[in-house]
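Protein chains in written order, with my numbering: chain U, 1 to 325; chain D, 1001 to 1325; chain L, 2001 to 2325.
Some clues are possibly wrong.
Computed cross-link-like contacts, DSSO-like style, restricted to lysine-lysine with a CA-CA straight-line distance of at most 27 Å [stated by the list, open to error]:
#, chain 1, residue 1, chain 2, residue 2
1, D, Lys1047, L, Lys2047
2, D, Lys1048, L, Lys2048
3, D, Lys1048, L, Lys2047
4, U, Lys48, D, Lys1024
5, D, Lys1047, L, Lys2267
6, U, Lys77, L, Lys2047
7, D, Lys1047, U, Lys77
8, U, Lys47, D, Lys1048
9, L, Lys2267, U, Lys48
10, D, Lys1260, D, Lys1047
11, D, Lys1048, L, Lys2077
12, U, Lys47, L, Lys2048
13, U, Lys48, L, Lys2077
14, U, Lys77, U, Lys162
15, L, Lys2162, L, Lys2267
16, D, Lys1260, D, Lys1162
17, L, Lys2047, L, Lys2077
18, U, Lys47, L, Lys2047
If you are wondering where the hints come from, they were derived from the structure by calculation, not from laboratory data.
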Amino acid sequence: MKQQHLQLDNNKRLRHFLTTEGLKRDLLVEILDTAESFTSITHQQVKKVPLLRGKTVVNLFFEASTRTRTTFELAAKRLSADVLNINVPASATNKGETLLDTLRNLEAMHCDMFVVRHQNSGAAHFIAQHCAPHVSVLNAGDGSHAHPTQAMIDMFTIRRHKQEFHTLSVAIVGDILHSRVARSQIHALSTLGVPDIRVIAPRTLIPAEASSLGVHVYHDLDQGLDGVDVIIMLRLQRERMSSALLPSEHEYFKLYGLTKEKLALAKPDVIVMHPGPINRGVEMDSSVADGEHSVILQQVSHGISIRMAVMSMTMQHDLHSGQDT
Amino acid sequence: MKQQHLQLDNNKRLRHFLTTEGLKRDLLVEILDTAESFTSITHQQVKKVPLLRGKTVVNLFFEASTRTRTTFELAAKRLSADVLNINVPASATNKGETLLDTLRNLEAMHCDMFVVRHQNSGAAHFIAQHCAPHVSVLNAGDGSHAHPTQAMIDMFTIRRHKQEFHTLSVAIVGDILHSRVARSQIHALSTLGVPDIRVIAPRTLIPAEASSLGVHVYHDLDQGLDGVDVIIMLRLQRERMSSALLPSEHEYFKLYGLTKEKLALAKPDVIVMHPGPINRGVEMDSSVADGEHSVILQQVSHGISIRMAVMSMTMQHDLHSGQDT
Amino acid sequence: MKQQHLQLDNNKRLRHFLTTEGLKRDLLVEILDTAESFTSITHQQVKKVPLLRGKTVVNLFFEASTRTRTTFELAAKRLSADVLNINVPASATNKGETLLDTLRNLEAMHCDMFVVRHQNSGAAHFIAQHCAPHVSVLNAGDGSHAHPTQAMIDMFTIRRHKQEFHTLSVAIVGDILHSRVARSQIHALSTLGVPDIRVIAPRTLIPAEASSLGVHVYHDLDQGLDGVDVIIMLRLQRERMSSALLPSEHEYFKLYGLTKEKLALAKPDVIVMHPGPINRGVEMDSSVADGEHSVILQQVSHGISIRMAVMSMTMQHDLHSGQDT
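Extracted from the complex, chain U is given alone in its bound form:
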């Protein structure tokens, strides 16, 4: 429960957004509802609201990601915040200045929000544990631990298409073991009441704790996809190939790649999701990626709304309640 406390202020409002784990259903629904209110803004002629005017949002990226950085930057700008992009090469924090010194300096400059991307699991939590009371931390992906905004984008996209969570079968396909996205999705799906969560992967890519997460494990794609409402394809990290955890790309595609034929095993109104960028011909066929069941580009659009939602919610946290409760 420590993580839940760290993420909430004394009034149980969102202070940081570090993980979907341990957050209550009401709070996840509040994020989805707030994002819903922002989707109309992105279609207006003038797409800006002044909710974060005068606030400074720092994109603190210890791991490069133009794509993720861009969506947070756009979300912040559409809320009228000032944005600082700081890319910290992995080596830099060894050079005399520690991570905490960097943090203290940015706080002293009266920055209000840190969007943190880091190659190490737990980095965003560490920063949230040590930051000043006025600062909020958003986890933009830490190691293989969590990527909560991506998970909420996916929940938002599912809700828009399926309305109710409590009747759904959802399959997550790919490298579950190393995926921060999968972990955050499983916690969110579970909290939102999805009764049938399936993970589909080779034995080498299923985490040991899978069963304790309440998911059903499949090693065969055909069986796993049978009758599902939602298919979430994970991005394959190609560097895993060389580590012998994975067969060749060709072999992987044959076993776990999503094709029109495989798709026919799911429900007729199945939706197909992917956090992007897609490795076409590896995780899925182009005919599926661009096909009528794909909602992949909608996920990207919803990415702005979800990030605006989380940014505006955390900036309303009670400054007089603390992280040490």
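Using the hints provided, position chains D and L relative to the given structure of chain U.
Same frame as chain U, but now just chains D and L:
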């Protein structure tokens, strides 16, 4: 005429700005007149207008150019737009994500305008052909094909000094063969009614289709400059030297470099232009670059106004008319 | 007195901010007072003021420094200016375009302020001598010459803690010889009336002109810290180590590192300053850096206010008075 259609909406207003080729005289004049209205803004105490407030302009640069990127960024900011700078290394679009995927993603984030710089001729057209109806594309230079905003800057600078186009002799000096700037200038000069357009270059640097463009070809600088009103010096790409298309820099300067002596062959009120950055002592002498006939820094100033003009004009295109007309 | 004239307009108001040397006490106090007025803004809910709306501030960094660039960028954004970050690799100005060409181009784009960081002493002065009448230049550090905003941050921090300058003993510890910060501090402390300015360093790191600056030179840390009100630790440039000007880090820390024991030699209410980033265990012990006497993070906060002050003051300079008076 396909290119004209691609650039215009159903009401014949500018939707994309990809090339000066095929655009009608009225439209080029409208660009110049709109830019004229913005020049006063850049001299005001507060240099901003809210025409693009809430719009997101993406500088999508596949080829590095701080200078060009900077002028588009300034123009967008002075129109109150939000600006995203995305530098895409040539290798990146091979890594799993195609150019079209990148495009679709940025569209899904509700970006409104792509300013595209690319090493390949036709890249901006390709993007314009495939982008969403709400998006406008500005070509910031594609291969050796076109650089239309630079050409319009030059037209603007000429009009400010010479008022009328239909009485002028204009000489373009340098590597015509590889110059996207020269191509765009020739189309614009021709459409605006300049009766005497000359290109001056070694035989190896004149394109085969030169005569069909309606220009007069000179290989001798003295003959080419005789009595001209405007001299446009092109930037020499030094990498051409090694390819044996060009003699040494010293040799080139002796034959085609602009000096005070050469300048005396032109009209007494001749103006000298250069798109920058100048290779001093190669394309021209410093005494000419900084001399009384030089309008090179005025070109830079006009660069902001022209880009503001094209940005504001394309953002008014009719969303309900399409690229498939 | 030339430098004073270069920095002031005809009405003796600040036009550029290049060095603390030669500026009168009243002007330094005006900077401190203006910064004081901005500290309240940084604590407001909306931290922006429209003083520089429509102005374009260019961070022109010939030497990389994320930290310094960030504080100038934040200061400019909180004054509502548009900010352009231009990093110029040392090699770039050799490639065809001279420093003056770069300058002329940015002026032609109607940029209003250049924040200049350069590895060569005198670079900011050079730019100020050659820039257009409407432009202001702020020196963000030039070679081993000057770093005036950092010095004024330190003066501001001292005044907040000690109220009066004319009763103080201030010790500056470290590589005085190569420190642009130390030079600017000594001039500012002296002008503001500090009667006892001490520099403490090995013989190899004291400049020859030290005595003419009116400072007391110490080579022994214990003697130098005796009874001081303020200790300013300089950052050790590790690259000096290899040049044999400095002993090993371990040796240096033993002789000149600040520990709790050394600190006890100073006044009981001594404050400890450092321009950051700290090399912990080299210039000082972590117990001192994070201890009760440390005001290092306050310096960072004041950095925004001081830069806002200097930016707003120089932008009010009289456009009709010149640099050639």
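Now for the hints, and whether the structure bears them out:
1. D/Lys1047 x L/Lys2047: Between D/Lys1047 and L/Lys2047 the Cα gap is close to 22 Å, so the pair holds against 27 Å.
2. D/Lys1048 x L/Lys2048: holds, 17 Å
3. D/Lys1048 x L/Lys2047: holds, 20 Å
4. U/Lys48 x D/Lys1024: With a Cα-Cα distance of about 36 Å, the restraint between U/Lys48 and D/Lys1024 is violated, given a limit of 27 Å.
5. D/Lys1047 x L/Lys2267: Violated: D/Lys1047 and L/Lys2267 sit about 52 Å apart, past 27 Å.
6. U/Lys77 x L/Lys2047: Distance ~15 Å between U/Lys77 and L/Lys2047 Cα, so the pair holds.
7. D/Lys1047 x U/Lys77: holds, 20 Å
8. U/Lys47 x D/Lys1048: holds, 18 Å
9. L/Lys2267 x U/Lys48: Distance ~54 Å between L/Lys2267 and U/Lys48 Cα, so the pair is violated.
10. D/Lys1260 x D/Lys1047: With Cα atoms ~37 Å apart, D/Lys1260 and D/Lys1047 exceed 27 Å; violated.
11. D/Lys1048 x L/Lys2077: holds, 15 Å
12. U/Lys47 x L/Lys2048: holds, 20 Å
13. U/Lys48 x L/Lys2077: Holds: U/Lys48 and L/Lys2077 sit about 17 Å apart, inside 27 Å.
14. U/Lys77 x U/Lys162: violated, 31 Å
15. L/Lys2162 x L/Lys2267: OK: L/Lys2162 and L/Lys2267 at ~12 Å, within 27 Å.
16. D/Lys1260 x D/Lys1162: holds, 21 Å
17. L/Lys2047 x L/Lys2077: holds, 10 Å
18. U/Lys47 x L/Lys2047: The hint holds at about 22 Å.
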